[in-house]
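Construct all of the structure, not just a fragment, from the sequences and the given hints.
So the sequence lines, in the order shown, correspond to chains A and B.
Be aware that the first sequence starts at 1296, since it is given in this note's numbering, and climbs by one per residue.
Be aware that the second sequence starts at 71, since it is given in this note's numbering, and climbs by one per residue.
Rather than coming from a laboratory, the hints here were simulated on the basis of the structure.
Ideal Cβ positions, reconstructed from N, Cα and C, are used throughout, including at glycine.
Any given hint could be a false lead.
[Unchecked claim] Distance condition first, Cα-Cα at most 25 Å in a straight line; then the derived SDA-like pairs of lysine to any residue:
{"no.": "1", "chain 1": "B", "residue 1": "Lys131", "chain 2": "A", "residue 2": "Val1369"}
{"no.": "2", "chain 1": "B", "residue 1": "Lys103", "chain 2": "A", "residue 2": "Ala1389"}
{"no.": "3", "chain 1": "B", "residue 1": "Lys131", "chain 2": "A", "residue 2": "Phe1362"}
{"no.": "4", "chain 1": "B", "residue 1": "Lys103", "chain 2": "A", "residue 2": "Leu1480"}
{"no.": "5", "chain 1": "B", "residue 1": "Lys103", "chain 2": "A", "residue 2": "Ala1372"}
{"no.": "6", "chain 1": "B", "residue 1": "Lys131", "chain 2": "A", "residue 2": "Ser1350"}
{"no.": "7", "chain 1": "B", "residue 1": "Lys103", "chain 2": "A", "residue 2": "Cys1477"}
{"no.": "8", "chain 1": "B", "residue 1": "Lys103", "chain 2": "A", "residue 2": "Gly1346"}
{"no.": "9", "chain 1": "B", "residue 1": "Lys103", "chain 2": "A", "residue 2": "Asp1363"}
{"no.": "10", "chain 1": "B", "residue 1": "Lys131", "chain 2": "A", "residue 2": "Val1501"}
{"no.": "11", "chain 1": "B", "residue 1": "Lys103", "chain 2": "A", "residue 2": "Arg1390"}
{"no.": "12", "chain 1": "B", "residue 1": "Lys131", "chain 2": "A", "residue 2": "Gly1346"}
{"no.": "13", "chain 1": "B", "residue 1": "Lys131", "chain 2": "A", "residue 2": "Leu1452"}
{"no.": "14", "chain 1": "B", "residue 1": "Lys103", "chain 2": "B", "residue 2": "Val148"}
{"no.": "15", "chain 1": "A", "residue 1": "Lys1464", "chain 2": "A", "residue 2": "Leu1361"}
{"no.": "16", "chain 1": "B", "residue 1": "Lys131", "chain 2": "A", "residue 2": "Leu1480"}
{"no.": "17", "chain 1": "A", "residue 1": "Lys1391", "chain 2": "B", "residue 2": "Val106"}
{"no.": "18", "chain 1": "B", "residue 1": "Lys131", "chain 2": "A", "residue 2": "Asp1363"}
{"no.": "19", "chain 1": "B", "residue 1": "Lys103", "chain 2": "A", "residue 2": "Arg1392"}
{"no.": "20", "chain 1": "B", "residue 1": "Lys131", "chain 2": "A", "residue 2": "Arg1390"}
{"no.": "21", "chain 1": "B", "residue 1": "Lys131", "chain 2": "A", "residue 2": "Asn1351"}
{"no.": "22", "chain 1": "B", "residue 1": "Lys131", "chain 2": "A", "residue 2": "Ala1432"}
{"no.": "23", "chain 1": "A", "residue 1": "Lys1391", "chain 2": "A", "residue 2": "Phe1327"}
{"no.": "24", "chain 1": "B", "residue 1": "Lys131", "chain 2": "A", "residue 2": "Pro1356"}
{"no.": "25", "chain 1": "B", "residue 1": "Lys131", "chain 2": "A", "residue 2": "Cys1409"}
{"no.": "26", "chain 1": "A", "residue 1": "Lys1391", "chain 2": "A", "residue 2": "Leu1452"}
{"no.": "27", "chain 1": "B", "residue 1": "Lys131", "chain 2": "A", "residue 2": "Leu1502"}
[To be verified] Not everything, but these chain B residues come out facing chain A in the computed CB check (under 7 Å):
{"no.": "28", "residue": "Trp121"}
{"no.": "29", "residue": "Val123"}
{"no.": "30", "residue": "Ala142"}
{"no.": "31", "residue": "Gln145"}
{"no.": "32", "residue": "Ser183"}
{"no.": "33", "residue": "Lys203"}
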Amino acid sequence: MSTHAMSANAADANDFIVREDHHPENGTMLGFWLYLMSDCLIFAVLFATYGVVGSNYAAGPSPADLFDLDIVAVNTAMLLLSSITYGFAMLEMARKRTNMTLVWLAITGVFGLCFIGIELYEFHHLIHIGAGPQRSAFLSAFFTLVGTHGLHVSFGLIWLVTLMTQVRKHGLTTENRRRLNCLSLFWHFLDVIWIGVFTFVYLMGVLR
Amino acid sequence: MSTVNSHLDAHGEDTRNFHGHDDGHGEAHGSFKGYVTGFLLSVVLTAIPFWLVMEEVLPSKQLTIAIVLAFALVQVLVHMVYFLHMNTQSEGGWNMLALIFTLILVVITFAGSLWVMYHMNENMMPLSVHEAKNLP
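In structure tokens form, the structure reads like this:
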């Protein structure tokens, strides 16, 4: 800012210096985006691992034996619904309505909890029938990939509750809005990863 | 005179910049219509692949896999545009640049691993009895 004032003071000839190019003063959103991209690489590696060893059953059960697509469809619906309710929370935030923002965030949290609950039920069921991560390379890769995604959603939920407390205490301040924006990117990003999971792991697994 | 003017200019631009920042510079928030459009598209793009696989609509598995993958790609794009508000302008284009770079890495990692490991599996298959007998 001071540089700008000085250059404007110096001469009009210096007009070419950053007149239109509004430099992002706060790099948080860009930095968070870069974090998401590196997270994307983690998932790419896990997807590749699953793709390589996904058909090594070690004479154990195959995806078609194990996966219940009804449950996966319900799970997908939960995550998709939580995505749009987070979107509604962001819209209320833009209108500066604190209470409605909190309500939509709470609904998002409930859908997220349902997702985690259903996934834990599925994992518990698989381990219970002897198809745990130590059964075959396919199941190891499956539990690592889907479990990493589930872990991300769990941490997203913790983050969500933290931010709800912050918003209730301090209101929709600039800082809180920035944090909510970051979580918005995170949450929608996890939904994008889930598209890959249900397509590549579940649907194509049952087809194989 | 001109000095005063440029001062004013600078000041005016500063406030405008600040205002733009406060109003949501870099934090692209969508519209209600955008979110609902994205949601409805996602529902359709999710439901069709599940229906195709669960009801075994198509006779060919290869064709079903191709269609399911195509739907997933389109849905990722829908999410990027309507939920993550990606465009070429956000953060001065750096978001898009980082995304393209990541996509290149993802494609290399993913396609490369599958390609290499598939061929390795093919070439390292255990010998059949017939092949073992006729070893040179």
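*asked:* Holds or violated: lysine 131 of chain B and proline 1356 of chain A, Cα atoms, limit 25 Å.
replied: holds (20 Å)
* Asked: Is lysine 103 of chain B within 25 Å of arginine 1392 of chain A, Cα to Cα?
  -> holds (19 Å)
Pair hint lysine 103 of chain B and aspartate 1363 of chain A, alpha-carbon separation not exceeding 25 Å: violated (34 Å)
Worksheet item: Within a Cα-Cα threshold of 25 Å, do lysine 131 of chain B and valine 1369 of chain A meet the stated pairing?
Response: holds (24 Å)
Is the straight-line distance between the alpha-carbon of lysine 103 of chain B and that of arginine 1390 of chain A 25 Å or less?
-> holds (15 Å)
Practice prompt. Against chain A, run the beta carbon of alanine 142 of chain B and see if the smallest gap drops under 7 Å.
Written response: This interface hint holds because 4 Å falls under the 7 Å limit.
Would you check the hint for lysine 1391 of chain A and phenylalanine 1327 of chain A, treating anything up to 25 Å between C-alpha atoms as holding?
Holds: lysine 1391 of chain A and phenylalanine 1327 of chain A sit about 23 Å apart, inside 25 Å.
Taking only the CA atoms, is the gap from lysine 131 of chain B to aspartate 1363 of chain A under or equal to 25 Å? holds (19 Å)
**Message:** Please verify whether lysine 131 of chain B and phenylalanine 1362 of chain A have alpha carbons no more than 25 Å apart.
**Reply:** holds (17 Å)
Distance restraint between lysine 131 of chain B and alanine 1432 of chain A, which requires alpha-carbon spacing of 25 Å or less: Holds - the C-alpha atoms of alanine 1432 of chain A and lysine 131 of chain B are around 24 Å apart, at most 25 Å.
Under the criterion that the straight-line Cα-Cα distance not exceed 25 Å, is the pair lysine 1391 of chain A, leucine 1452 of chain A satisfied?
Holds, at about 23 Å.
### Message
Given the hinted pair lysine 103 of chain B and glycine 1346 of chain A, is their Cα-Cα distance within 25 Å?
### Response
violated (37 Å)
Going down the numbered hints, you'll see the structure goes against 8, 9, 13, 15, 16, 20, 25, 28, 33, while the others check out.
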